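Here are the chains, one letter per residue:
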Amino acid sequence: MATASVTSSTAGRLLGNLRLPLSILAFLGLALGVLGIDQFVNAMTLGAIYALVALGYTMVYGIIELINFAHGDVFMVGSFVAMFISSSLLGNEGAITNVPMLAASVLILFALTISVMALLGALIERLAYRPLRRAPKLAPLITAIGVSFILQNVIQFFFGPTIVTVPQLVPIEWSIQVSGSRVPLLNLFVIATSVILMVALQLFISRTRTGRAMRTTSMDRDASSLMGVDINRTIMITFLIGSGLAGAAGVVHGLYYGNTTFGLGFQSGLKAFTAAVLGGIGNTAGAALGGFLIAFVEVGASAFGYGRWGGAIVFSLLVIFLVFRPTGLLGSHTGDRA
Amino acid sequence: MSRIADAVNAPFAPVRAFFRKHRSFGIFVGVVLLSIALPLLTRVPPFDGIQSTNAWVNAFTTAAIYAMLAMGLNVVIGFAGLLDLGYAAFFALGGYTYAFVAAPFTGIHLPFWPMLLAGGVVGAIFGVLLGAPTLRLRGDYLAIVTLGFGEIVPITLMNADKFTDGVNGIGGIDKPSIPGILQFTLTNPWPMYGLVIALFSLIMIMIYRLEDSRLGRTWDAIREDELAAESSGVNIVIAKLQAFAVGASIAGIVGVVNAAKITIVTPDQFRFAVSISALAAVVLGGMGNTIGVATGAFIIYLFQSILLKQLNTLVENINIPVLNQIDFLDFQYVLYGIVLVLMMLKRPQGIFPARRRMREFAPLKIGKRGAK
Amino acid sequence: MKVFNKKGLSALAAVAILAAACGGSTASTAGKTLTIGISFPLNGSALASAGPARDGALLAIKEASIEGYTLKAKVLDHAKEGAHNPDQAAADMLTFVGQEDVVAVVGPFNSASARAQIPVSSEAGLLQCSPSNTNPTLTKGADGEALRGGRNYVRVATTDDLQGPAVAVYAKKNGAAKIYILDSTDAYGKGVADAFEAKFIADGGTVVGRQGLPTGTTDFSAAATAAKAAGADSIFYGGVTSDGAPLFRNALAQAGLGALPFYGADGIYDGTSEGSYIAIAGANAENSYASQAAIENIPGKADFNVKFKAEFGKDAEGYAYAGYACAQIIIEGIAAAVAGGDVTRETVRAAVVDKGAAFETVLGSVSFDAVGDTTQRIISLYKVDGGAWKFVEEINYGN
Amino acid sequence: MSAAKSGPMLRARGVTRKFGGLIAVNSVDFEIPRGSISAIIGPNGAGKTTFFNVIAGIYAPTAGTIELDGKPLISPPTGAGREPILLILPTIPFIGLAIYSLLVVGGDTGLVEGVASVAAALLGFVAALLLNIVRPTWYNRLIKRIGVTRPARPNDMVVAGLARTFQNIRLYKSLTTLENILVGMHVHMHGSFLGALFKTRLVREEEAVAEQRARELLAFVDLSGMENELARNLPYGKQRLLEIARAIASRPKLLLLDEPAAGMNPKETEEMTALIRRIRDELDITILLIEHDMRVVMGISDHITVLDHGEKIAEGLPKAIRTNPKVIEAYLGRGAAAGH
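Chains as they are written, first to last, in the working numbering: chain W, 415 to 752; chain F, 456 to 827; chain A, 121 to 519; chain P, 1460 to 1799.
I should point out that these hints are in silico values taken from the structure, not numbers from a laboratory. Values in this document were obtained by computation on a predicted structure and should not be read as measured data. You may find that some hints are simply not true.
[Stated by the list, open to error] One-sided and incomplete, this derived list gives chain A residues near chain W with beta-carbon spacing under 10 Å:
| hint | residue |
| --- | --- |
| 1 | G164 |
| 2 | G261 |
| 3 | A262 |
| 4 | D339 |
| 5 | A344 |
| 6 | T392 |
[What the hints assert, rightly or not] Far from chain F by the CB rule (all over 10 Å, computed), these chain A residues:
| hint | residue |
| --- | --- |
| 7 | N163 |
| 8 | P206 |
| 9 | P334 |
| 10 | L377 |
| 11 | N417 |
| 12 | A478 |
| 13 | V491 |
| 14 | K503 |
[Unchecked claim] Not the full set, but computed from the structure, chain P residues with beta-carbon under 8 Å of chain F:
| hint | residue |
| --- | --- |
| 15 | P1492 |
| 16 | F1652 |
| 17 | R1781 |
Quick reminder that beta carbons are idealized off the backbone N, C-alpha and C, glycines included.
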């Protein structure tokens, strides 16, 4: 492909830059070949949700080096808030076939849920984490576990311990045909939403002043404080965004699966965290990548009848990465020296 | 240094001095006195009305098992500063070790006493097995990996039904006996109570000794400042592994006792909630404070197993309109969350602060260059 | 618990509150009081299924009268963190053992708790009757033998090992040829799925796929797609509602398999209330089949429903009948012991366990075999039709 | 051994350390004469502390080697990519056996053997990992043969005879003064795990001896009577002294002091200077220090090395350094030397 005029070093550099996208494309192609289109779409959809949740872990970790154990449960609360808004406030019961109505409902649902969850995230940060900013590292970690328990129990108190149904606004019958397979629009909608949000986040971090403040704070908090960055505000915004994304994931989860339960946060939290580690904790693009990777592993296991071992495989992946490559696939933050 | 002696003999200075010098003996005497006092207390109103003395003794036995677990976890969290969220897994492994060699499921019937040691060894092996790959990493990664491990162990026990009878668990586990003298039974809780009390004081003595040893100082140093500890010649990975192995082997030993007490082990007995309840006990009692942690475990166990039940009966009996609708037992679980958050925010040193931990958590009084 | 121990205590002065609280649950041991223990997990998510069984037992005890004796009930709750806890179950059994006037116990609800309780009650020779334990190993096999030492345990629910085969027989009859099986990987779910699979294959059916997804799984789409790819014409799910049965059903519908018959055992037969299989699966629940290890055509059903409603202000459901039947059996045993002139734990136990004849209960006539299992081996089958479970037929394994 | 005794205490050859694209230390050659007090000086950001950290084993060098007392201890890590192979190697036969048992033998026999093989593989992996962590000498020799070398870690350097203090004092703040010293003595105590559990006579005696020596050390730095004070509660100057005492407790041959007089008033500085001399003279410990305070450096050092932008620009006796134009330029900026 390289013409004679292109020197080998430029080609090499080009190849170097393209290595990641190329390997991702190769992986996707392989996955599509092995899994078939139906399972491929399943995995992409699941991955989209994991990625949204993993972003919250990775952002918070990037900025204050805290594994926010409560984040999985923030996602869970998000799914309940979405359920409540959708069924109680908007009065939805099932699919909406009128397209403008559907778009409006979904937009309102996203806007409200994301706002509520962002506020909740900021509130948790303010009440539970900020007072411990200078405390030994164990303290906020333990607090986060406590917060996770409290969130679960508050939800259980209000909505009960059973599985709760959520209105599936996008009709599940809508679909397109792709090479003989039926691909529901709902799945495409979930994937698209997630991708749009992730791109928006990347733009926010790289293009805005606040985004740059977040990046410098994660690199060196004291130095950026000296350079006039308001650390408390920056950390709070990180929580706002992370929790907002978890809220969005909650909406998407409800629309896609049509149900939620108070125990949702624990399992998906663990998986999303694994995704964040796989991608390189602290790295937003990595978290997204990790989310999709985990989803492919899980769906792959299930597709070939090894669903029983799905959890164990994911966990083994986590350990293998921690041992051999603690920086993850795209990691910037390293583990402590060996 | 001899906190237990302080607690028991506060007004008697000479006695106190004696126990300070012979702390292990002091712990033993303290625990034995307490273990005699507790059943006596249950003969007095209002405690005698709640349940029979035998049931009380059984409850104390369970509480002491739980307290030993918390003390073991405290070695990992309080001493070495490592957050282990899968502690129940080691408890499970100890229990299954004994169940595997002393139940009709396998048809093997090994005696109980050597298996106590075997449980500890199995716990330690798995502690190292899990610790070796992860202890080189950041402390918070360890929390997640142990959390995952705590999930994987029950799942594996559940799925490996050829070896563990799956979800049914292994039942009919042999009860301990001293041949020719004493056969433990399920309806007489006293022998088990005695065994647990003895083990409890033994473990407490061992932990106090470790705390004051060269190894204990090493853990303190790591918890305070890893880089400085390395620069004092401490191999931090090995020291952490030791803490991990000690904690795990205590859980393994306690697991054996627990299996012999309940006579059944099932994967569901060792879920995340067990790890969290032990963590709550550690946080409540004060990280690093052995006796505080043991007390914290007692408080949490008795609170959720006895008090909440009584609260239910109480509000039903006196017919308070709103409270009547609330089932207080529903709050067993949220209790852990509240304990963890409130203690960390308001009283991180625990209700019974350890000397060292209290100071580490206290705000800095002297700045870096305050003396200048 | 709400009916019990409420009488006349409301006027207690504040000083006496603590004493009352503690003394409240203990019956006075004066003279001729006999207490029947009730041991269930009664908070968190466990309450929904075990609550009716408790209420049934309480109702029977309240109704009963034995001349010269006062019958009382004592309820202990062994749920912790919202689920049954075997350790606490054993501790509660020890409490019953330690209370001399307790002559028999209704419970427990879950098989794991039973395995922890039976060794204790067996040592004390205290009769236990479970309304809902269905795990075969409690009475059969090596474990069963170890547990059965005291011959003090009976149950009115028939065992799981019959449910799976019964559903298999029915599914075969209903036209299933190629089945896809999913289980919840736990003892109940995997056990019932194994039994189903064995019978289905033995009867000439084909299993086109089998796997397990543990409790807590939310994404069943891959399994649904796998079922579709395997060309299944029917689905079997081994597990309970909260393991994800309705989620799997919804995922199947989303994958375009909503019309296939969906079979399950009693784990998904849980009425229509909030959180039930039908409530969650909604319209997708149609054409689902479930079984129950109990008789559907309960002889005294209408009568019982009226009494139950009058007492508790809600409809009888689930295990209320079995709980009532257990208490009835125990009360009959006590009556027999009274007739024999000596009421002790041993005479009550012997009157129930060693009696060859049948007991007349709300479930009909019930007797026990040599290991304490009910001889009323009826599996009832149900189908979701119009948003509710409708009885379709029963298979009687009794002889 | 005897040959080593005659050479320099520490010899650094071509030490380079890069952080990403930034070269913090660039090919520095450096020697510390036995029994001397040497100093490294240089303007802010000259790479002094980085160089210190390389010597102490905290940062691995990008290039170059360091010998302490004639023993080569630090060199750039090589063959890191080959290390995972070492971890996996012992598991391969067992994994093979497991696959064979589970897939080929199958059935109940195969399952039991398969599970046992998986367990053995796991144990093998952890054993390899443990070796990798503990790194006994024979293991180091073994991996060297396949081209894997790792630089000594800080604790290895302490064992080899090096001790250090930190620029921003790092004490164990919630331990007492005495306990701080006892941790410093760690490498020379041998109380085992079981010894501690059973409180053997050996352990008790060792503890008593150690405590005695710790008190002497405290007396040496003039902290007598403060044995049970918490380190956190000591005034700043005394915290410095305690940190030095903790470093000496490991009986080093070479002591690295990172700005020992920072933040001290003239009187304290003078006391510190005297202490450093006493450490060299009475305890026979070679000393290397980084210091900003020129009066301290000039007054105490036998030998001075000047770093600027990560490179060595001068070395020699204090007198020579003081008048070296390159040094003046580095400190005062270009042109200052000429204009002087």
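Let's test the interface hint: is any C-beta of chain F closer than 8 Å to that of F1652(P)?
6 Å, holds
Since P334(A) was said not to touch the interface, does its Cβ keep a gap of more than 10 Å from each Cβ of chain F?
7 Å, violated
>> A cut-off of 10 Å on Cβ-Cβ distance, and A478(A) was said to be off the interface with chain F. Does that hold?
In response: 30 Å, holds
Can we trust that V491(A) is non-interface, i.e. its beta-carbon lies farther than 10 Å from all of chain F? 15 Å, holds
Interface hint check: G164(A), Cβ to nearest Cβ on chain W, cutoff 10 Å. Holds or violated? At about 6 Å, which falls below the 10 Å cut-off, the nearest Cβ of chain W leaves the hint on G164(A) intact, so it holds.
**Study point:** Hint status (Cβ of A344(A) to nearest Cβ of chain W, threshold 10 Å)
**Key:** Given a least distance of 9 Å, the restraint on A344(A) holds.
Cut-off 10 Å, beta-carbon criterion: hint that G261(A) touches chain W:
24 Å, violated
Chain W contact restraint for T392(A) - C-beta distance below 10 Å: 13 Å, violated
* To do: Please settle this one: K503(A) was flagged as non-interface, so is its CB more than 10 Å from every CB on chain F?
  => 28 Å, holds
**Prompt:** Holds or violated: R1781(P) as interface residue toward chain F, Cβ cutoff 8 Å?
**Reply:** 29 Å, violated
query = Against chain F, does P206(A) keep a CB gap of more than 10 Å to every residue?
reply = 6 Å, violated
Chain F contact restraint on P1492(P) - CB to CB distance below 8 Å | Nearest chain F Cβ about 24 Å off; hint violated.
Of the hints listed earlier, those the structure fails to meet are numbers 2, 3, 6, 7, 8, 9, 15, 17, in rising order.
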